[in-house]
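Asks: Residue numbers (my numbering), protein chains in the order written: chain A, 145 to 271; chain B, 6 to 393.
It should be emphasised that the hints constitute simulated quantities derived from the structure, not laboratory data.
Errors might be hidden in some of the hints.
[Stated by the list, open to error] 20 Å max Cα-Cα, derived PhoX-like pairs, lysine-lysine: (1) B:K338 <-> A:K243; (2) B:K142 <-> B:K123; (3) B:K368 <-> A:K198; (4) B:K386 <-> A:K200; (5) B:K197 <-> B:K69; (6) A:K236 <-> A:K221; (7) A:K166 <-> B:K392; (8) B:K8 <-> B:K368; (9) B:K222 <-> A:K200; (10) A:K166 <-> A:K265; (11) B:K386 <-> A:K166; (12) B:K167 <-> B:K143; (13) A:K236 <-> A:K151; (14) A:K243 <-> A:K151; (15) B:K386 <-> A:K198; (16) A:K243 <-> A:K188.
On a predicted model such as this, the values are computed, not experimentally measured, just so you know.
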Amino acid sequence: MFMYSKKVMEHFMSPRNVGEIKDADGIGEIGNPVCGDMMTFYIKVKDNKINDVKFKTFGCGAAIAVSSMVSEMAKGKTLDEALKISNKNVAKELGGLPKNKLHCSNLGADALHKAIENYKKKQKNKK
Amino acid sequence: MSKEKIFFDNASTTRVDDRVFEEMKPYFKKKYGNPSSLHDFGDMVRKALDKAREQAASLIGANKEEIYFTSCGTESNNFALWGLARAYKDRGTHIISSSIEHLSIINPLKEFEKEGWKVSLVPADEYGSVNPEDVRKKITRDTALVSIMHANNEVGTIQRIKEISNITKENNILFHSDGAAAAGIIPVDVSKLGVDSYSFTSQQIYGPKGAAALYVKKGIRIKPLLLGGIQESGRRAGTENVPAIAGFGKACGIAENEMDKNNKYISGLRDNLIKGISDKIKNVKLNGHPAKRTPGNVHISFEFIEGESILLMLNFEGIAAASGSSCTSQALKSSHVLLSMGLSPTMAQGSILFSLGKYNTLKEVDRVLAVLPSIIDRLRKMSPLYKE
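Starting from the given sequences, assemble the full structure and let the hints guide the process.
Replies: Below you can see the structure in the form of structure tokens.
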């Protein structure tokens, strides 16, 4: 549709890394159905790197494309590198997002960061 | 996209009927005069306006002197509210309306409030019906005007207008009804409905965009919204959009003559689509009234997923529909109609309106039914709210 870039539509129609990780090392959730978008990210961490990432998203085309892009950007990165992924970068990688979607749907990086925080907390508790 | 496109969004607008288009053609290059001019050029188009006025009046059981042409349904509704409220201010400054009205009623009412009027909105029940007794309860000594739509534009629920007008008459209160989703679609007789004014529009009934009308009952005063020349008996200034009005008139005539046939056909398609969706997809809910609904309305909530995503995937298949999800509105708010009917935010987000019309076919219904289950399934598998 005219409002979305080609890249957004491509990620929306064939999103990468959809699903759940049963024994995830970290889980991050953001948003709620009232505002229209809700994302859950699952990560597996090995040697301080994001070994695997999956997501589940309730939301509009932008929300799904953002989730897919974040998962692709995060895979293989160290935790510090992944924490540097920002919502702004994600939108840029997607070739831009409609103005009215920049705030409500562009929450993928936040959800990923929450999953990393969750992982770090778990590690701390283990010690 | 090589697939044939399917237009299931007839509530947003309709394709112009070929006969309507033919009716309009002469008024661009041959009969292009201004209807206010005193020469043959003016005379030719005055006749067109007169004919269209008769056709529009006939569609809703009015006299042609009671029809005022406007540019769109929104203008008709604004004209009715401002025009009646100002003309009858001596009766009071309280207006009663409903929470499921079109934005062309809801937003003017917000302006009324800013200007010191009191506005009461009666709720709708889970089927999108306004209870006439709720209107009665809101009446005060200061109530001047009641405005309740005839058919809801989103969920298609037909309101109990006659019962409401009995109440307004008992209390000497004016009654406006927005008939944009009703006139030309279901039978309308303004004298039976008992309304004082009634909006209806061209683009919902296979007429062109740019023409609509307001019925104002004989003897009712109304102040103009547009001031200027003395077009439309001084009640709506501005040169008339003659081609669009001529087309609107023709569309009214066709709608009146072919309504029974069209409605049998369209409601048949509708029932097929509703049944097919209910049979093939779990966790769905038909919104609106099960029986008292407009013939082409299929408003369905798909639980656990969001409407814009469904629309995008449908569009990819060449299928056009609409949604009440917040993501599809520029204001990023879920439909006020669905929320006031008590739908949960998730169900409002996952709502899709398929609105069928006379140019749709059973083959199209079947194709939608063939692709919809896998679209819903794909999105549900992505949703954190869905558990298989």
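Asks: For each hint, tell me whether it holds in the structure or not.
Replies: Against the structure, the hints:
1. B:K338 <-> A:K243: 15 Å, holds
2. B:K142 <-> B:K123: 15 Å, holds
3. B:K368 <-> A:K198: Answer violated: K368 (chain B) to K198 (chain A) is near 39 Å, above 20 Å.
4. B:K386 <-> A:K200: Holds: K386 (chain B) and K200 (chain A) sit about 8 Å apart, inside 20 Å.
5. B:K197 <-> B:K69: Holds: K197 (chain B) and K69 (chain B) sit about 17 Å apart, inside 20 Å.
6. A:K236 <-> A:K221: 19 Å, holds
7. A:K166 <-> B:K392: Given pair K166 (chain A), K392 (chain B) holds - Cα atoms ~14 Å apart, limit 20 Å.
8. B:K8 <-> B:K368: 13 Å, holds
9. B:K222 <-> A:K200: 57 Å, violated
10. A:K166 <-> A:K265: 18 Å, holds
11. B:K386 <-> A:K166: 15 Å, holds
12. B:K167 <-> B:K143: 18 Å, holds
13. A:K236 <-> A:K151: 10 Å, holds
14. A:K243 <-> A:K151: 16 Å, holds
15. B:K386 <-> A:K198: 13 Å, holds
16. A:K243 <-> A:K188: This hinted pair is violated, its Cα atoms lying about 33 Å apart.
The structure fails to meet hints 3, 9, 16 from the earlier list, while all remaining hints are met.
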